[in-house]
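Asks: In case you want the letters, here they are:
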Amino acid sequence: MRYSGFRVLKEALTGHRGWGPAWRDPEPQSDYDYVIIGGGGHGLATAYYLAKEYKQSRVAVLEKGWIGGGNVGRNTTIVRSNYLLDGNEPFYEFSLKLWEGLEQDLNYNAMMSQRGIINLMHSDAQRDAYIRRGNSMILHGADAELLNQKQVLEKYPFLNVKNARFPVMGGLLQARAGTARHDAVAWGYARGADQRGVDIIQNCEVTGLRIENGKVLGVETSRGYIGAKKVGSCVAGSSSKVMAYAGMRLPIESHVLQAFVSEGLKPVLPGVITFGAGHFYCSQSDKGGLVFGGNIDGYNSYAQRGNLPVVEDVIEEAIAMFPMLGRARLLRSWGGIMDMSMDGSPIIDKTHIDGLYFNGGWCYGGFKATPASGFCYAHLLATDTPHETATAFRLDRFRTGNVIDEKGSGAQPNLH
Amino acid sequence: MSQVNRLDGGLIDRSETYSFRFDSTYHKGHKGDTLASALLANGVRLMGRSFKYHRPRGPMTAGSEEPNAIVELREGARKEPNTRATTAELYDGLRAASQNRWPSLAFDAMEINDLLSNFFAAGFYYKTFMWPAAFWEKVYEPIIRRAAGLGSLSSQDDPDDYDKGFLHCDLLIIGGGPAGLAAALTAGESGARVILCDEDFLIGGRLNFETYDVGGQSGAAWAAETVARLQTMPNVRVMPRTTVIGAFDHGIYGAVERVSDHLPVPQEGKPRQILWRITSTRAILCAGATERPIVFENNDRPGIMQASAIRAYANRWAVTPAQQVAIFTNNDDGHRTASDLVSKGVEVVSVIDTRQDALISTDYDVIAGGVIDQTWGRLGLKQIEVKMPKGGIRRIKCGALGVSGGWNPNVHLTCHQRGRPVWDEALSAFVPGGALPPGMTVAGAANGVFSTHGALNSGAETAKAALSDLGMTSKAPTLPDAEDTPVRITPFWHVKSAKRAWVDQQNDVTAKDIKLAHQENFRSVEHLKRYTTLGMATDQGKTSNVAGLAIMAEVAGKAIPEVGTTMFRPPYAPTAMGVFAGRAWGKDVRPTRLTPSHKWAEEQGAVFTESGLWLRAQWYPKAGETHWRESCDREVLQTRKSVGVCDVTSLGKIDVQGADAATFLNLVYCNGMAKIPVGKVRYGLMLREDGFVMDDGTAARLAEDHFVVTTTTANAVGVYRHMEFVRQCLCPDMDVQLISTTEAWAQFAVAGPNSRALLRKIVDPGVDLSNDAFPFMACAEVTICGGLRARLFRISFSGELAYEIAVPTRYGDALIRRLMTAGEEFDVVPYGLEALNVMRIEKGHVTANELNGTTTALNLGMGRMVSKTKDSIGSVLSERPGMNEEDALKLVGLKPVDLSNNVPAGAHLLTKGAKVTATNDQGYVTSACYSPNLGHHIALGFLKSGDSRIGEVIRLVSPLTGVDHEVEVVSAHFLDPEGERLRA
Amino acid sequence: MIINHPILGPRDSSEFVYLGDATLLKRPDWQAEDAAEQFYDYLHTRDNPAGLHRELWYHEQGDRSWLVVTRDTVTHEITKVELARDVARTGGSA
Amino acid sequence: MHDLAPLHALGGAEARIDTVAGVTLTENMGLALASVSARKGQETACRAHLGELLEGSAPEPGKTVLHDPEASFWMAPDQWMVGAPFGTHEDLAAQLKARFCETASITEQTDAWVCFDMRGDGIEAVMQLCANIDIERMQTGDAVRTVIHYMGVYVLRRDPANWLRILGSRSSAGSLHHALVTAMKAAL
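Protein chains in written order, with UniProt numbering: chain A, 1 to 416; chain B, 1 to 984; chain C, 1 to 94; chain D, 1 to 188.
Quick caveat, the hints were computed from the structure, so don't treat them as lab data. All values reported here derive from a predicted model rather than from experimental measurement. Check before you lean on any hint, since a few could be wrong.
Claimed, not checked - The calculated lysine-lysine pairs, modelled on DSSO-like cross-linking and capped at a C-alpha distance of 30 Å, are:
| id | chain 1 | residue 1 | chain 2 | residue 2 |
| --- | --- | --- | --- | --- |
| 1 | A | Lys162 | B | Lys270 |
| 2 | D | Lys97 | B | Lys675 |
| 3 | B | Lys496 | B | Lys31 |
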């Protein structure tokens, strides 16, 4: 069923009896051409693009719980392509372009809202680094602008510059960046994939991989064995668990990242803004809640919850930027499991096992990557060659030394 | 009309009358009132508007679970949006305003949404607003954003202070109702260190809301007496106005004490609130229970409340929301409200009990087996319509309706470590279950024990158990007699209706929305929540989640536990963000570190800049200098011409001693350190284990077994940590001792042709500073100014004949003053970071800009320093092919072809004439400056195969800043490449 | 979190700095035949268990001891804390 | 004798003193400090020397030995801080080197630290707003390293017990002083 303003009107007048399920709940078939493990944003997007771009229909997405229940349903919804390194920027810019047409493509309003992101800068050295990054973005065909303090204040008049501990010299703006309604992204991809024949199977946990002489045959699940020509793991957060079924050890640690939302408030923040003298990012949702986050807690964890010190740290930076927020209230916090890779960049690659593919290591940048990750993973699964924008995301880059280290903090996941 | 609905009795202090204002109207209330109770006393039921449909709303509860009565409290910079009128303590002169309405609360133009509600069904926005694409940001979203949001912030800085504190105890008791008080009494008398927190300003929980006796006196009196007793115990800390917001790992609880929220403004020096981090060995949750609604058509009108809330207002605050009150209940507890109201002289027009076997009373009319299927009254309840058990309807006039759907234990904190509550059929409620936070037990109503007698006992017993875990013995306190009424409830969740019946009142989620979510396959609890926004409002679904689940279960034909439950996450109640920051805001966000010469530099009018936490002099303007470049150029020229002094104390210094000190440093640095002669300094390059450069610095050997190594300012802490890692984890058997001495020594660079002459006037006679005796890279412990111990290093960052001299920090101020007076004859200048930077760029010395964490020794042109003949951190992985490619980036100098051009840092480098695209990107500029010695701009940068491209003219672009011109690749050593100056 | 320091007793984790898997104690031999492969594996690949995890914490705001903490990554329960130096002396395991 | 005048950590020529509701905070410049780290294999000998110096035994973990003129507290495994009056012991490090010889590495620490003495009833309430230590359980003779508003400090409980000595890094003396005085005003 196609969604439209007219349809909404019609249903409104007829008691909404016409709306059907957004996606089916099919029983798993005995085998598929492609089995995607993980019904999160990336997995659902992968299935959608496999069906839409690569005309594959025998595709299943297996989800342990309910779709969109992982990090796509627990993040700060920021979408941007303001990266420095050649290995990253083309991919994220490709992703941003997909975001820009997402609603029309999916016929689902994911509320992609390009209200811009500003990275504040607080020192000469930081300005130099941002200029280098802004130039990289432009060289890669993305947009970037350098703002001085005055220009930043025009957009964010409540920013503390009078008695700031770390002076605000200006910021790097990407105007095309913004936010999207995170749940809707998962639901939109699910609906789109479902309409193209993809089986989305919830409450189906993968418990093992059936591999014989170097080739994958299918997956063992809580709902029985499911055969597959190709299996793609797409379970960022739990990547190590799933790939262990294939005896693989990954350059990844699982860490907890907390995110926060305030009570609903009348608009005060037009777009996304980040603190440069620490690690803090914030935007305001269409419902009025301030959505923000900062550093990961810093220790390996699968607990999906964090601790107090990071909460304090994050909010200290919020108040440092906007002293006015002292009287806003924190409504809710939550914790997600991050696939923290050894250089802070993701992996989309084949494995040494025939027919087994891996997508993970998104650290806490996975949401913005959802469309391109799905697209590039679908491309790899369908063609066995990496997508042109994702050629650097290789598993063996730590062996070869071709790391993609945006932050320059080396092989220590909790520093990225 | 003044306090028309005020009754007799209550726990308010009538001797204190407060005047306050809500919107434009002034009212009177008493000490002990909340804003809500005072407004109700004054006949005000309408206190807010709902989020989506802007429906008129009044208070539904008497506590922190309130969804409707939320207001903007206070004015000006202290305005607090979304404040619950039901918990806001009244004070004299209080000001509050309704929010999210225009132009007024009684007439809100946005109420139009209510008429259009059919179009605004759950999730409608996902299905439209998509055409044309550009309209989302331009048209639809701005309208939505303007409409959305609840209260508004002040747009001024929060003027109040907040504190953070730390408490430790054996036993934390969360909640001061009957269970909590009994637990505190038991533990207190046993001598354990106890902390009792209660979010209310009057401790006692439901004891203050009820009328029955506790040990022959009123529950409130017993609570007051018990609190007084606890307060006399030195081992017990009683904390009212303190909400425990989260249960974190290993017995750590976050608690927020509202120190000053009941005052017009905080007292001088005192915080508004304190965030306590409580470390407790055991904790008992005594958070009580929350009464839940029954869902029926138009159940959201002002005046329709929890039955228990009406009872609380009547008994504690001596207030009734109206003179005629009806009750709608599915359990016996609803009747308690009726009888309490009757005894307070309030007319109970009817008790509608969904049960055929309802209690019968002589005090009020009971309709057994009836339900309410409609209500009237736009701005406040006027009339209800009852569907009679034997068919037919009866309309009853009333101004308030108390609804009792049963009680939900407040299990929230038991879920903070992902424990899942379990369904109790008998209570038809979720009770604590699954994995509770280790060390936490639950007592009283929070554990499903609802009678006062039961709560008192379970509190005492649970405390005894916790204490015996702690190896403490305790005798049960003599507990008072109290009512022990059993729970009698027949689950009844909602009255079916074709129209709208509210489940989540703040977010306007109706039973129909839940049905629609099911119809569209948003059936898992989380999908339901996210699709309909059920439970996502500021009340966090405290009153709506379970009802929502029940309705979903009904639609899905499942049992409630099959549908599942939702997670509760911190904070327990919305918490002012300021309290998490504490004193850390403005200039106090982080500590400030000052150099030993700071005071003197201030006297010179120096301009300072942050370098990490340090404040360092950037330049020293002289009279008449209007631009920093003038000062910087002068400092550079004068230093190179004669002599300059710079405070370099902020560089990290680590004292390395022990028989194996040299061997140790040989492992830590990639170049050879073992064979440094005593009295000599060596430049050292430090790699991370992944082979990239971590830091650089110098190592000075003061004795066979004693080195002092320096780090960059930025990496001082990290390098020390890393060296301790190597010492303890990689070579635990070496004889090496480390300690930081960064702070102990004030260190100054003395640079320039006259530096030796100047130092001769400072260093005590007998120290031979001649080039032969004290050559480049020499170091020694000396005395100066007549016997002060000092360290002298002949090292040079500027490229000049230069020294660094260190004295105990307290003498740093005196030393720089002495250097200045002694240097007058040489026109000595102090120089700041800018001049230091210019001189190091002129010399091609690298710093943080080049050591950016992605560069290798090879990139820096120091590839040969990585010794192949020894083990050192990072040497093996620095060999990886990807880090040693043919066209690897190399450090080069850059000089504009047109000398009037600058060479900005951050610009990218392309081959001459190449198109400006990423594929043509050849490198970037790391550091740039104007060289007063060369008379033009210069820069350092990384360029592919740069070392073999000296003399090549390339294209420099910075599209971001509009720069595009040609530069020549030159050696990074712009000045004195042979190093004659520094060896002079 | 609270880390029960073997010398100082229970201390708040905010006094500590986290590094990662305690296998970092087992630094390979730089002269081994396959040193490159060994160092790659040592520094990069991880078991990353959902369960018991032996990990390195540094008591930076305390006595500057490196500790090996055995902690459950699902519940955060800490079952063992040792001085890294002692563990290192026994070859990084135990 | 040299002729360079010392400057107090807070930038004054005299020690700074603040009093709030009977609790006094005093900047104390009269302290010479040096760290003593036992050499490998010399741990026992080093401890013995220290015990001798203190006319007792070397401080155990978390403890300080209050003794005149030299006092000492435990810093790290086989590492102690020794303090003595600055007037008589400005060359403390040299004195200790002579005493410990090859058994220990001695490092001058005098000016690495700013020293505050907080005295009076109510110091516990003040510390509860400063540092995450169980001050109620801290006895005379206890020494703990902790954090006050992002600054690493040592807190020593002296005799009488309403006397705390707080050592913080000298460069951030101003920030530490601000944090302590603010907490005094809030708590007292």
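Asks: If a hint holds in the structure, say so; if it does not, say that too.
Replies: Verification of the hints:
1. With a C-alpha separation of about 24 Å, the suggested pairing of Lys162/A with Lys270/B holds against the 30 Å cut-off.
2. Only pairs whose Cα atoms come within 30 Å are accepted, and Lys97/D paired with Lys675/B is accepted, the gap being roughly 25 Å.
3. Of the supplied pair hints, the one linking Lys496/B and Lys31/B is violated, its CA atoms being roughly 43 Å apart against a limit of 30 Å.
Checked against the numbered hints listed earlier, the structure breaks hint 3 alone; every other hint is satisfied.
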